[in-house]
Amino acid sequence: MSGRISRRKFLRYTGLGGAAALASAYGLPLGAALAQAPPSDISEHLVVYNFGGAQHQEVFANAIARFNEVYPNVTVEDLYIPSTEGWGGFTTNILLRIRSGLQTDVIAIAIEGAHELIASGALLPLDDAIAADAALQEVEADSHPALAAGLAGRDGSAYFITREWNNMIFHYNTDMFEAAGLGMPDPMWTWDDFLDTALTLTSGEGGDKVFGYVIPFFFFGLQPWFHTNGTGVLTDDWSQSNLDDPKMLESVKFIHSLVHEHGVAPAPEGTDSLGLFTSERAAMVCFGRWTFANYIANDFRQVDIVPWPRKESGTTVFGSGGWAITKSASNVPLALELIKEFSSVETDVDSIRFGTFIPSRRSSAQREDFLAFPDHAHYFWDSLDDIKPVPSPANFAEMSEIFMRHMGDIMANIATPEQGLEAAHIELTAAMDRLAERMSS
Amino acid sequence: MLSPKRSEALAAYLFILPTFIGFAIFILYPLVESLRISFYEYSILGDTYYVGLDNYDRLLNDSRLRTTYRNTIVFTGFAVFLNAGIGLLLAVFLNRRMPALMRNFYRSAFFFPILIAHTYISVIWRYLYQQDTGVINYYLALFGIDAVPWLSHPGWAMAAIIIMDVWKNTGFAMLVFLAGLQSIPYAYYEAAQLDGANERQLFTRITIPLLSPTIFFILVIFMIGALQVFDSIIVLTQGGPGDATRSVVMYIYQQAFQRLDFGYAAAVSWTLFLVIMAVTLVQFWGSRRWVHYE
Chain A
992 MSGRISRRKF
1002 LRYTGLGGAA
1012 ALASAYGLPL
1022 GAALAQAPPS
1032 DISEHLVVYN
1042 FGGAQHQEVF
1052 ANAIARFNEV
1062 YPNVTVEDLY
1072 IPSTEGWGGF
1082 TTNILLRIRS
1092 GLQTDVIAIA
1102 IEGAHELIAS
1112 GALLPLDDAI
1122 AADAALQEVE
1132 ADSHPALAAG
1142 LAGRDGSAYF
1152 ITREWNNMIF
1162 HYNTDMFEAA
1172 GLGMPDPMWT
1182 WDDFLDTALT
1192 LTSGEGGDKV
1202 FGYVIPFFFF
1212 GLQPWFHTNG
1222 TGVLTDDWSQ
1232 SNLDDPKMLE
1242 SVKFIHSLVH
1252 EHGVAPAPEG
1262 TDSLGLFTSE
1272 RAAMVCFGRW
1282 TFANYIANDF
1292 RQVDIVPWPR
1302 KESGTTVFGS
1312 GGWAITKSAS
1322 NVPLALELIK
1332 EFSSVETDVD
1342 SIRFGTFIPS
1352 RRSSAQREDF
1362 LAFPDHAHYF
1372 WDSLDDIKPV
1382 PSPANFAEMS
1392 EIFMRHMGDI
1402 MANIATPEQG
1412 LEAAHIELTA
1422 AMDRLAERMS
1432 S
Chain B
1134 MLSPKRSEAL
1144 AAYLFILPTF
1154 IGFAIFILYP
1164 LVESLRISFY
1174 EYSILGDTYY
1184 VGLDNYDRLL
1194 NDSRLRTTYR
1204 NTIVFTGFAV
1214 FLNAGIGLLL
1224 AVFLNRRMPA
1234 LMRNFYRSAF
1244 FFPILIAHTY
1254 ISVIWRYLYQ
1264 QDTGVINYYL
1274 ALFGIDAVPW
1284 LSHPGWAMAA
1294 IIIMDVWKNT
1304 GFAMLVFLAG
1314 LQSIPYAYYE
1324 AAQLDGANER
1334 QLFTRITIPL
1344 LSPTIFFILV
1354 IFMIGALQVF
1364 DSIIVLTQGG
1374 PGDATRSVVM
1384 YIYQQAFQRL
1394 DFGYAAAVSW
1404 TLFLVIMAVT
1414 LVQFWGSRRW
1424 VHYE
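So the protein lines, in turn, are chains A and B. Going from the first sequence to my numbering is simple: count from 1 and add 991. Going from the second sequence to my numbering is simple: count from 1 and add 1133.
Be aware that a few hints might be false.
Claimed, not checked - Lysine to any residue pairs mimicking SDA-like chemistry, simulated, CA-CA at most 25 Å apart: (1) A/K1318 / B/T1181; (2) B/K1138 / B/L1150; (3) A/K1379 / A/F1209; (4) A/K1379 / A/P1176; (5) A/K1244 / B/V1281; (6) A/K1200 / B/Y1271; (7) A/K1244 / A/E1303; (8) A/K1200 / B/R1259; (9) A/K1318 / B/D1180; (10) A/K1244 / A/R1145; (11) A/K1200 / B/T1266.
Rather than coming from a laboratory, the hints here were simulated on the basis of the structure.
Work out the full structure, taking the sequences as your base and the hints as a guide.
Structure representation (structure tokens):
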């Protein structure tokens, strides 16, 4: 690793840092305190609550190493919490940690848990910090407004510096398409076109059956089937259930029909979508960019991407990650410096090679190494022009669990789509009412 | 100066003190605290409110709780019966004369799954159970059997969990039964054989009665464990499809750590605590009729 520091970094790190630390220590406005970075000889211990797999850990370990080139006396404890329980469990872990009085300076979280954290009052608003810091402004300017908007508090305040993001997009097996005499799907294709394509690609019976499609049976994954039909699980302000919208029923019936009427997709519950796709037992699946880590690692190159088929629109879904600072952070200016390193171009470039996320910087998403694979990798970033954030109210874990449990009933034919959505609507309405009551108190 | 008797008593108390401290901190205090929380609307970061018996009132009208209790009872019934039954059969099989190498191989093979964490096993079985790419359905197809929807059908999903649980835990039952079988004096069998007893009579009149303390132990241990089933289900089916395989402990976890409704979760926890205690007391009471320690 190079020990050289860029001129910009040198200026950023070695300016009037002492003044910033003093301002912070004496409770001056955050913006003033953050105008300059702390001195590079400062001794401190920072605790980061992070998420991600081994590849993330390597990327952020590299970022911390770069940070330590400037702040050699600062130790950074980068804690990775498995998110097997979903974002609800992850968020609860953080809240319990803060409640227990354990040091937590910097938090990385996805949009699904972000609003629960904001609602808890544990996070520091960063508007002043961004307004006073050219480097943070540069991060936001190089990003897409939709990403920051998704993470903003309901009061419009900024609590997060954008991390990487992901969307939902169609992945298709180019070899299987070619063998079936199909070209690349038209980027403006419709639900009907999709169904025709899936029917063409479905063949065989029993254990030898090859499916045209696998339903992405997780909350994030299902959203584009609703968005492209001009609807959603919640109302646009995420305050009420929208499951009584006839368009929701239409979407759910369509998803249900893929398994139970057309037979182009396997029953989704418990199905290993990625396994079916990479073993060429399914021609189309839907993920974001995160499965490209698997494709790259296994040299599975016969894959390309195409936007979601349209009904009323081509609107897909995104979820973005963000970096936040807690109100109990031991040294806010220093925590901000660490976040800048986590959001740096170097970190973006480091993560591109693993194929896990879409970088939050436009400049990174336009790099040749990012666009090299798959052939139409530009659709990842382009999707931001017609996209909605995954509905993420402060009760995300409860809301998404209610919806997916009833979807499970529907897809297993325990309930009809009508019955399942009606039951889900009743339960979700009560949950959203409870949330409104909690937020108002 | 303490009398020898008092000195001995003091020494005894000092010896059990470390255990008691651990028990008080890790068992007793959480127990009392959970009872206290069950009377509150409890928030992680915000205020908490005393709500009296409201959380217990909710229990009565919670249809999902009834579903999870029904699932847990079904799982417990099958898992305990099959683990104990198959474990006993394996123990009887391995208690026969056979080459030492073979005996050791079988004992190790049957016991091996117990050494692996539930989570790993669940991940592996999840792949085995895949409807379209799973190994199990592949072999079933060789016999002309249609693909079984192991994880996507409510009935099959519960069966899948029970099968995996038996595969993992029956080795432990086998080992305990084997130890019990080997502690039965061979003289009893010899005497019975001299009196003309056949194999079935040896098993039902000597083996089972003298093994009854071991059977009782296995039933109590497995019953308590099964009523608290959690990790294998959360990895294998996440409680689905719908609520078809959700256990009470999963429901408690969901209420507490997904819905942040700690008060209600504590109230449900107490119902489970009382159920386990009642079942165990009934087992001990019933054991007086069929467990023979001499």
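Hints, verified against the model:
Of the pairs offered as hints, the one joining A/K1318 and B/T1181 holds, with about 21 Å between alpha carbons and a cut-off of 25 Å not exceeded. Of the supplied pair hints, the one linking B/K1138 and B/L1150 holds, its CA atoms being roughly 18 Å apart against a limit of 25 Å. Straight-line distance between C-alpha atoms of A/K1379 and A/F1209 comes to about 17 Å, which keeps the hinted pair within the 25 Å bound. Between A/K1379 and A/P1176 the CA atoms are separated by roughly 23 Å; this keeps the pair inside 25 Å, and the hint holds.
At most 25 Å may separate the alpha-carbon atoms for a hinted pair to count; A/K1244 and B/V1281 meet this at roughly 24 Å. For the hint pairing A/K1200 with B/Y1271, the CA-to-CA distance comes to about 12 Å; that is within 25 Å, so the pair holds. Taking the CA atoms of A/K1244 and A/E1303, the gap is about 16 Å. The hint holds against a cut of 25 Å. Note on A/K1200 and B/R1259: the hinted pairing holds, with a Cα-Cα distance of about 20 Å set against a maximum of 25 Å.
Distance restraint check for A/K1318 and B/D1180: the Cα-Cα separation of roughly 18 Å lies within the 25 Å cut-off, and the hinted pair is therefore satisfied. A distance of roughly 33 Å separates the Cα atoms of A/K1244 and A/R1145; the hinted pair therefore is violated under the 25 Å criterion. Of the pairs offered as hints, the one joining A/K1200 and B/T1266 holds, with about 10 Å between alpha carbons and a cut-off of 25 Å not exceeded.
Checked against the numbered hints above, the structure violates only hint 10.
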